[in-house]
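All chains, full assembly: derive it from the sequences and hints.
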Amino acid sequence: MKQTPLLSSTPDDELILLPFAIPELNGCHRICKDFWLSDGNVVLLSGTCVFKVHRGHLARHSDVFKDLFSIPQPEEQPHLYGLPFVELYDNPSDVYCLLRALYDGLYFRKPFPKDFPFLAGVLRLSTKYMIENLRTLCIAHLQCNFPLTLEGWDQREKAATDANGRYGPRDSIPNPILVINLARELDLEFLLPAAFYDLARYGASKTAMGAAPQPPPFPPAVPTTSSDPSPPPEATSIPSHVFLSHEDLVTTFRGREAAQRTIAAFISKELTERPISPSCLHQDDDSGRQCHESFYFITLNTLRSVGGIASGRDADPLFTLLQTIDMLHRTDFSDGERLYGLRLCCFCKLDFATAVNRARAELWKEIPAWFELENFQKLCQRVRDESQNQEGWILI
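For what it's worth, the UniProt record's numbering labels the leading residue of the sequence shown as 1, then goes sequentially.
I should point out that these hints are in silico values taken from the structure, not numbers from a laboratory.
These figures come from a predicted structure and were not determined experimentally.
Note that CB positions come from ideal geometry on N, CA and C, so glycine has one too.
Heads up, some of the hints might be wrong.
[Unchecked claim] Dumping the calculated SDA-like pairs for lysine to any residue here, alpha-carbon to alpha-carbon at most 20 Å:
hint, residue 1, residue 2
1, K349, L328
2, K365, Q143
3, K349, L322
4, K349, D326
5, K52, D104
6, K52, C32
[Said to hold, decoys possible] Cβ pair distances, simulated, as ranges:
hint, residue 1, residue 2, range
7, A140, Y167, 21 to 27 Å
8, S38, Q73, 22 to 28 Å
9, K66, L37, 17 to 23 Å
10, A264, H329, 23 to 29 Å
11, R261, S205, 19 to 25 Å
12, P278, A140, 42 to 48 Å
13, S268, P217, 49 to 55 Å
Structure, rendered in structure tokens:
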């Protein structure tokens, strides 16, 4: 039986409380004004939240909804607010995010971390309801921040460093804990190597403390009625922190240990007692003493980095190795009286830079194994296989 709802709202309210129109359901509906469309012809029920939207718009973008709406319905089908309804067993905030993307487009604000809950909600439901264009955009956006290639990683790190040299990845890139959990949930393993590496650079205590999530786009709190004081299923409080699973936490710590060992191995192989270049310009000057002393200076500064003294990035071998190349060109070293640069000859510089770039490329290939993941070659192939089925949408 159709009932006339009673409104309880103010002009500025985002939500409207309504009594259920179906006798079998007890409590209050919560209507989102953003998606209670005057010409809508279907109601989506998610928990106690309702959205009035268009069947045709959902069917156009989703084969799941298209097939659902094509099923003949009995004449005595129950209605909600005078319209057919579909009950979705999804988080209302995720449903809100999906509808926002379908109706308003998929746009991300800067800084992006504030919009991560929006992206996660869209990605979950675009995967579930097979809305490939939205899934494509979400994954491509995540891959820019958690790439499969060393070139992509270097671009990401450069973008996270401002003009003054301040490195602030969390200003523009989501916390890797949130990304790891989402990748595990949706089987997006190709995001995991870069996400785990990103996280392993933090100290153990900071990693174990978890990540503070951004508030969801659609708030979960729902007022209760006096007749039924128990909160509805989605009326759970937002957790103050999100944590890794125990297995992923241990994996992160093991990867951090591997990263630190890699830096030590590089120092031992490429810096300790490093020979000068066969073409060294200083080889006739006390057997290349100037170049030997410069390599010793690089070794000391690299050890400071490993100890976390220089920049606090003691488990970031990609950065540490890049810094050794940067030292070759700096002229701001100080002995307390004057500024100077390293006195390496051009041939020793070239040989060392080549060795560092080779070491970084080899290091990148090893990262998946640190975190018990498939190697990059297999991950890239999986991405290619999927992209062939979805018109080549993933960046690799």
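Structure-based check of all given hints:
1. K349 - L328: holds (7 Å)
2. K365 - Q143: Roughly 17 Å separates the two Cα atoms, so the pair holds.
3. K349 - L322: holds (13 Å)
4. K349 - D326: With Cα atoms ~11 Å apart, K349 and D326 stay inside 20 Å; holds.
5. K52 - D104: holds (15 Å)
6. K52 - C32: OK: K52 and C32 at ~9 Å, within 20 Å.
7. A140 - Y167: 21 to 27 Å: holds (24 Å)
8. S38 - Q73: 22 to 28 Å: holds (23 Å)
9. K66 - L37: 17 to 23 Å: Distance hint for K66, L37 holds at roughly 19 Å.
10. A264 - H329: 23 to 29 Å: holds (25 Å)
11. R261 - S205: 19 to 25 Å: holds (21 Å)
12. P278 - A140: 42 to 48 Å: Given range 42 to 48 Å: holds, Cβ gap about 46 Å.
13. S268 - P217: 49 to 55 Å: Given a distance of about 50 Å, which is inside 49 to 55 Å, the answer is holds.
Violated hints: none; the structure is consistent with every hint.
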